[in-house]
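K.L.:
Chain by chain, the residues:
There are 2 protein chains.
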Amino acid sequence: MYRAGIDLGGTNIKAGIVDEDQKILAEGSVPTMVKRPYQEIIKDMADLVKDLLGKIGAEERELSSVGVGSPGTVDAESGMVRYSNNFGWENIPLAEELGTYFTCPIHISNDANCAALGEVKAGAAKETKNAILLTLGTGVGGGVIIDGKVFEGAHAGGAELGHTSLIFGGEPCTCGRKGCVEAYVSATGLIRQARRAAEQKKDSLMNELCGGDLSAMNGKIPFDAAEQKDEAAMAVVDDYITYLGEAIANYVNIFRPDVVLLSGGVCNQKEKLTGPLTAYIKTVCFAGEKAFIPEVRCAILGNSAGIIGAANL
Amino acid sequence: MYRAGIDLGGTNIKAGIVDEDQKILAEGSVPTMVKRPYQEIIKDMADLVKDLLGKIGAEERELSSVGVGSPGTVDAESGMVRYSNNFGWENIPLAEELGTYFTCPIHISNDANCAALGEVKAGAAKETKNAILLTLGTGVGGGVIIDGKVFEGAHAGGAELGHTSLIFGGEPCTCGRKGCVEAYVSATGLIRQARRAAEQKKDSLMNELCGGDLSAMNGKIPFDAAEQKDEAAMAVVDDYITYLGEAIANYVNIFRPDVVLLSGGVCNQKEKLTGPLTAYIKTVCFAGEKAFIPEVRCAILGNSAGIIGAANL
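In order, the protein sequences belong to chains A and B. Residue 30 is where the first sequence starts when you use the numbering used here, and the numbers rise one by one after that. Residue 30 is where the second sequence starts when you use the numbering used here, and the numbers rise one by one after that.
One chain only, chain A, in its complex shape:
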């Protein structure tokens, strides 16, 4: 039997057919075009899955489930997307609508949850059953896997790890609150801090690496400049690791997972990021080394994590 996994993104709908060994046998994508009526988007999701089934010569009755990772506040139990800011969605019956195209069960969850599940089933946390994933992109998504299953919280809107406060009264967050983890450890947050530092220190190498145009700042530049011992950049990187370390320590004190995973462009820094983070949380987690301290690792599946995770819902 096969399972289909769909990763619903703001730009593209990606889908794959996954076998029992967690291998993606066929995958493809179509543009999301978020401004369309949701029914059209969901029809394209169904067509894409059927297309992929055709490509591997499988029939629909060989499909045991279809899973979808959706952005926003997802109610897994009722199959509804309660709210998605990017999509302009409110109370969209995603599972029900998609179910009109299939006879097998449909499962939905938040996209970060799916990525976390994918990494636990087939990726960087494959040997474990308990992991936390932080997706460090424009925002910060959180996925929590407990005993091999997605932890949803009792009501929709749980596991929003990026929307816990890090700095009381700090930077405004996209969620309306101040000082959330997302405002500091997202790529957006890192870039903002690097821009400010470069602006204050005109002789910082970061200015040169931007070609003198701070709007060209990205998350790689402060790490590159820090490597060259640029002081302003080293301070930005140090702060970033401290912020992320404090946030991870909070999640460890709550969930005590086997492993903490990170994904997003900043993971290109690999050991330069995960090494100091693993060391940092050892110094701040509750009960210190008297309790279990997980390793911090980078996710390895990239886009496939969401597809494999959705297929495993």
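Any given hint might turn out to be false.
As the list makes no split between identical chains, a pair holds if one copy fits it or if it spans any two.
In silico DSBU-like cross-links for lysine-lysine, where the CA-CA straight-line distance does not exceed 35 Å [what the hints assert, rightly or not]:
#1 Lys299 / Lys155
#2 Lys155 / Lys231
#3 Lys158 / Lys258
#4 Lys158 / Lys319
#5 Lys319 / Lys72
#6 Lys258 / Lys79
#7 Lys207 / Lys299
#8 Lys64 / Lys311
#9 Lys230 / Lys207
#10 Lys64 / Lys319
#11 Lys178 / Lys230
#12 Lys79 / Lys319
#13 Lys301 / Lys207
#14 Lys207 / Lys249
#15 Lys311 / Lys84
#16 Lys52 / Lys258
#17 Lys79 / Lys231
#18 Lys301 / Lys64
#19 Lys319 / Lys178
#20 Lys155 / Lys230
#21 Lys84 / Lys178
#22 Lys178 / Lys150
#23 Lys207 / Lys52
#24 Lys158 / Lys230
#25 Lys150 / Lys258
Hint data in this document are derived by calculation from the structure and do not stem from the laboratory. Just so you know, these numbers come straight off a predicted model, no measurement behind them.
Let chain A serve as the given structure and place chain B on it in line with the hints.
P.N.:
The following block gives chain B in isolation, referenced to the frame of chain A:
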């Protein structure tokens, strides 16, 4: 059948025999005397339970389980207390040792987890299956109940809600970290903030209510003085509610429970505490009123919560 619940405290061992309707049929306590060898403490726990069984005329074979709520970092799976600072315990085989006195299964968990479970089974969250409890005492304990069961985390040392950071780089916490929730919303934290405010504002009513001796400050005085419109006290109470509200919003964004419970002396303030808190979290929780926002309530079972919870492990 009956179940025994034991609440192991720094001063007293409290125990009760609980029936299937969650009623305590007999209860009693003996001094803990924490400095003794752990074997003696555990023998007293067993003797107390057998004594209580005798009082209700029941026999040991009518006991289906014995549960213990212990302070510290508890490994429920192995039945070990990994670490308890107050007791000077490290890797104590509590369940195994207690098991030498009984033929029925022994279960152990952290004391705050037991209090949370007790309130869900028979107290302030009786109609729900998903609740968070914060015990606001000398420290801050956290208990998380999901689907009617204690959430332990994957390894011992999870659900330490009091040891998540609230103010980055803030007050030193007992755990060695800075700015933890515990350092601000424990009774100790509230008293520290009230003392500082009274010291700065010599004309604050709080000084008078202390009899001019700031070492006599307690958690009730700032609330009493705020009621009389004392400005310094009103600021202390406002800050306290904001700190607690921010912490609760973090837990809601992670767990989305049906209800959030508070216990400890500060709960004597009842609606003056829970009213503003429920209102505050509505303004800061992720997705605002588009997602479920739980009510903040005071726990109602007092000391019985730990006994009933332990009996339900």
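K.L.:
All the hints need checking, so say for each whether the structure fits it.
P.N.:
Here's how the hints hold up against the structure:
no. : hint            : in the structure
1   : Lys299 / Lys155 : within (18 Å within a copy, 47 Å between copies)
2   : Lys155 / Lys231 : neither (45 Å within a copy, 61 Å between copies)
3   : Lys158 / Lys258 : neither (40 Å within a copy, 54 Å between copies)
4   : Lys158 / Lys319 : both (22 Å within a copy, 31 Å between copies)
5   : Lys319 / Lys72  : between (53 Å within a copy, 26 Å between copies)
6   : Lys258 / Lys79  : neither (53 Å within a copy, 68 Å between copies)
7   : Lys207 / Lys299 : both (29 Å within a copy, 28 Å between copies)
8   : Lys64 / Lys311  : between (46 Å within a copy, 29 Å between copies)
9   : Lys230 / Lys207 : both (26 Å within a copy, 29 Å between copies)
10  : Lys64 / Lys319  : between (52 Å within a copy, 21 Å between copies)
11  : Lys178 / Lys230 : neither (47 Å within a copy, 54 Å between copies)
12  : Lys79 / Lys319  : between (52 Å within a copy, 34 Å between copies)
13  : Lys301 / Lys207 : both (29 Å within a copy, 25 Å between copies)
14  : Lys207 / Lys249 : both (26 Å within a copy, 30 Å between copies)
15  : Lys311 / Lys84  : neither (49 Å within a copy, 49 Å between copies)
16  : Lys52 / Lys258  : neither (43 Å within a copy, 67 Å between copies)
17  : Lys79 / Lys231  : neither (56 Å within a copy, 76 Å between copies)
18  : Lys301 / Lys64  : neither (40 Å within a copy, 46 Å between copies)
19  : Lys319 / Lys178 : both (27 Å within a copy, 25 Å between copies)
20  : Lys155 / Lys230 : neither (44 Å within a copy, 58 Å between copies)
21  : Lys84 / Lys178  : within (30 Å within a copy, 45 Å between copies)
22  : Lys178 / Lys150 : both (10 Å within a copy, 25 Å between copies)
23  : Lys207 / Lys52  : neither (42 Å within a copy, 45 Å between copies)
24  : Lys158 / Lys230 : neither (46 Å within a copy, 54 Å between copies)
25  : Lys150 / Lys258 : neither (39 Å within a copy, 58 Å between copies)
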